[in-house]
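There are 2 protein chains.
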Amino acid sequence: MKIILDAMGGDNAPLEIVKGALQAHRDFGVDIVLTGREEDIRQAAAQCGETLPEGLTIRHCTETIEMCDDPALACRRKKDASMTVGLQMLRAGEGDAFISAGSTGALLSGATLLVKRVRGIRRAAMAPLIPTAGGDAVLVDCGANIDCTPEYLLQFAYIGNFYARHALKLERPRVALLNIGAEESKGMALQKEAYALLQEAGEAGHLNFIGNIEAKDALKGGADVIVADGFSGNVMLKTIEGVGSFLKVKLKDIFFKNALTKFAALLVKDGVTDIRDTLDPNERGATPFLGIAKPVLKAHGSSNARAIRNAVRAAIACAESSLEQEIAEHITLMQTGERTAGEKEAAPKENG
Amino acid sequence: MKIILDAMGGDNAPLEIVKGALQAHRDFGVDIVLTGREEDIRQAAAQCGETLPEGLTIRHCTETIEMCDDPALACRRKKDASMTVGLQMLRAGEGDAFISAGSTGALLSGATLLVKRVRGIRRAAMAPLIPTAGGDAVLVDCGANIDCTPEYLLQFAYIGNFYARHALKLERPRVALLNIGAEESKGMALQKEAYALLQEAGEAGHLNFIGNIEAKDALKGGADVIVADGFSGNVMLKTIEGVGSFLKVKLKDIFFKNALTKFAALLVKDGVTDIRDTLDPNERGATPFLGIAKPVLKAHGSSNARAIRNAVRAAIACAESSLEQEIAEHITLMQTGERTAGEKEAAPKENG
Numbered sequence: 001m002k003i004i005l006d007a008m009g010g011d012n013a014p015l016e017i018v019k020g021a022l023q024a025h026r027d028f029g030v031d032i033v034l035t036g037r038e039e040d041i042r043q044a045a046a047q048c049g050e051t052l053p054e055g056l057t058i059r060h061c062t063e064t065i066e067m068c069d070d071p072a073l074a075c076r077r078k079k080d081a082s083m084t085v086g087l088q089m090l091r092a093g094e095g096d097a098f099i100s101a102g103s104t105g106a107l108l109s110g111a112t113l114l115v116k117r118v119r120g121i122r123r124a125a126m127a128p129l130i131p132t133a134g135g136d137a138v139l140v141d142c143g144a145n146i147d148c149t150p151e152y153l154l155q156f157a158y159i160g161n162f163y164a165r166h167a168l169k170l171e172r173p174r175v176a177l178l179n180i181g182a183e184e185s186k187g188m189a190l191q192k193e194a195y196a197l198l199q200e201a202g203e204a205g206h207l208n209f210i211g212n213i214e215a216k217d218a219l220k221g222g223a224d225v226i227v228a229d230g231f232s233g234n235v236m237l238k239t240i241e242g243v244g245s246f247l248k249v250k251l252k253d254i255f256f257k258n259a260l261t262k263f264a265a266l267l268v269k270d271g272v273t274d275i276r277d278t279l280d281p282n283e284r285g286a287t288p289f290l291g292i293a294k295p296v297l298k299a300h301g302s303s304n305a306r307a308i309r310n311a312v313r314a315a316i317a318c319a320e321s322s323l324e325q326e327i328a329e330h331i332t333l334m335q336t337g338e339r340t341a342g343e344k345e346a347a348p349k350e351n352g
Numbered sequence: 001m002k003i004i005l006d007a008m009g010g011d012n013a014p015l016e017i018v019k020g021a022l023q024a025h026r027d028f029g030v031d032i033v034l035t036g037r038e039e040d041i042r043q044a045a046a047q048c049g050e051t052l053p054e055g056l057t058i059r060h061c062t063e064t065i066e067m068c069d070d071p072a073l074a075c076r077r078k079k080d081a082s083m084t085v086g087l088q089m090l091r092a093g094e095g096d097a098f099i100s101a102g103s104t105g106a107l108l109s110g111a112t113l114l115v116k117r118v119r120g121i122r123r124a125a126m127a128p129l130i131p132t133a134g135g136d137a138v139l140v141d142c143g144a145n146i147d148c149t150p151e152y153l154l155q156f157a158y159i160g161n162f163y164a165r166h167a168l169k170l171e172r173p174r175v176a177l178l179n180i181g182a183e184e185s186k187g188m189a190l191q192k193e194a195y196a197l198l199q200e201a202g203e204a205g206h207l208n209f210i211g212n213i214e215a216k217d218a219l220k221g222g223a224d225v226i227v228a229d230g231f232s233g234n235v236m237l238k239t240i241e242g243v244g245s246f247l248k249v250k251l252k253d254i255f256f257k258n259a260l261t262k263f264a265a266l267l268v269k270d271g272v273t274d275i276r277d278t279l280d281p282n283e284r285g286a287t288p289f290l291g292i293a294k295p296v297l298k299a300h301g302s303s304n305a306r307a308i309r310n311a312v313r314a315a316i317a318c319a320e321s322s323l324e325q326e327i328a329e330h331i332t333l334m335q336t337g338e339r340t341a342g343e344k345e346a347a348p349k350e351n352g
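Protein chains in written order, with my numbering: chain H, 1 to 352; chain C, 1 to 352.
Just so you know, the hints here were simulated from the structure itself, not pulled from any lab data. Possibly wrong hints are sitting among the right ones.
Copies of the same chain look alike in the list, so a pair counts if it fits in one copy or across any two.
[Stated by the list, open to error] In silico lysine-lysine, DSSO-like type, Cα no more than 27 Å apart, as pairs: (1) Lys250 - Lys262; (2) Lys220 - Lys248; (3) Lys220 - Lys257; (4) Lys220 - Lys192; (5) Lys2 - Lys169; (6) Lys186 - Lys116; (7) Lys2 - Lys192; (8) Lys250 - Lys169; (9) Lys257 - Lys216; (10) Lys262 - Lys220; (11) Lys169 - Lys216.
Keep in mind that this is a model prediction, so the values were computed, not measured.
Can you build the whole structure from these sequences, using the hints too?
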């Protein structure tokens, strides 16, 4: 197993990326190739007081994709960027999965352009695991696709379902459609039409579709796969993060009030750390782009070493699953014959 | 000041409604008229061990709008329902504001039909106060309008702005558009077009428009008025509620673990109660329908007595403001000349 890791992506690159790679290599015994400027990577390792061990190698490249680069063109223009080179390596079979903490848009475009989508998949989707009172759930999509069609949502449901089976170890994940009420008639035209497609898939026994779900009930643990257009999925994800960081501040205020509350903090430290971790994107490590022909994962832009280590763990799990094959085998179930405006343009990007 | 209160709406009616009315009457010294079945209301008061004091009266009516009633038709069909009668009384000037914990859809339709919108306002919007790290913010809309046009969002921004000036006591509230990134180019066509309208209003000095905002940054306290279409606004609101109840469960687990953690709980009790209250819809009391010609407020369906008491407090604040007049005076700023499919149908509902 070899994981390709973009050493130059994210707010804390390359130091935290290299540090995370060292940790992951130790913890999971997996080979890692770091893409990026060799000098910078070696310097980062030196800052960690280490030299790169066997199994941790560098693929030198000179460019870096910046947040200001046009996401749609970044990987086309910067052919020697750490992200572009990593994606090319993945495509060529020189690794089993690719992780970057760099620009989400550039990574999505680059993955679609270079690694390509599974044939028949309309759009790749970002599928983070989100915390709920009933354990983790898959939220798909959470921002890769802003303008969605009902067929996209049907595909998100299937690929989310396959992913949840691996990631959450569930036989028949409960698939629900994010909506503003449980009734079939709720939502915009998009949700109503997607509901009909999902219900059909449920009745045919292809999905365990349990209907619409409100964000509130999803967070109570009401579903294992939450299907959403990228806009509302993103609003949900960012709200979870926002409330999480809001409460972190509030809890700090409570516990740092005086000597007694500081003492109380000591007594419940483990539990509070546990809550904080549950809501911390760094602990979740990385989000896969489902629907891409090989595993490509996006680590949080603010990833620290621990996040990168956890991202490697997530990438290993993705690489060990046969997710892409499973999607390919079931693709006819996910096609409605819907023709979209972008279809002509999208077709050549599919994996031939 | 006289507040009209639907005694029959919500999961805990009439007991908690009557109990809340008694508390509000005591706490705020305001007159309250309860609409509903006289016998049921008197019985509820008796259960509270009280008889209705002077200033707390009943307008007897025989029907109740149920959750299964068609929201669009409920107030038309049930003319003697507690909600319909309350709205009619408000329209006739027999009270200064109306509160119901009953069906949101029926209340919105009924308010639009009977009390009517301020002339020129396209759609009434629900505008709850949401908790942020920087204090409360107004979220508008949060579910009344699923399919929005850019002009609706412009109007939500203005009415949210006027409301925030009263409710948050701010001179120039920071108005932001809920989006999936801060850049102008983010979002669907709706957000892009609304952005242009809002920017224009900002440049003309009519609004303190600060641009797009992500849900995460809004929860950090980045804006005072968060403008959203009803679908994504609802997802945001319900996610806040969901994370809140998720954390309530988690905190309970932490503090009830053993004798030491229970002791810790005692030491930080006030702080934890404070956090819980911040995220509890019952504490916020009620959400006004902005754009209706007189104050109509929706209390949470699961309102308890405390929520109803707080709803009365919110209704008093709305009735004391000159919000509707302010909206009417600035209506030309909120009109883009956009013609929508629903316009013909909507026009007769406006306040002539």
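Hint check, failures only: Those not satisfied come down to hint 7.
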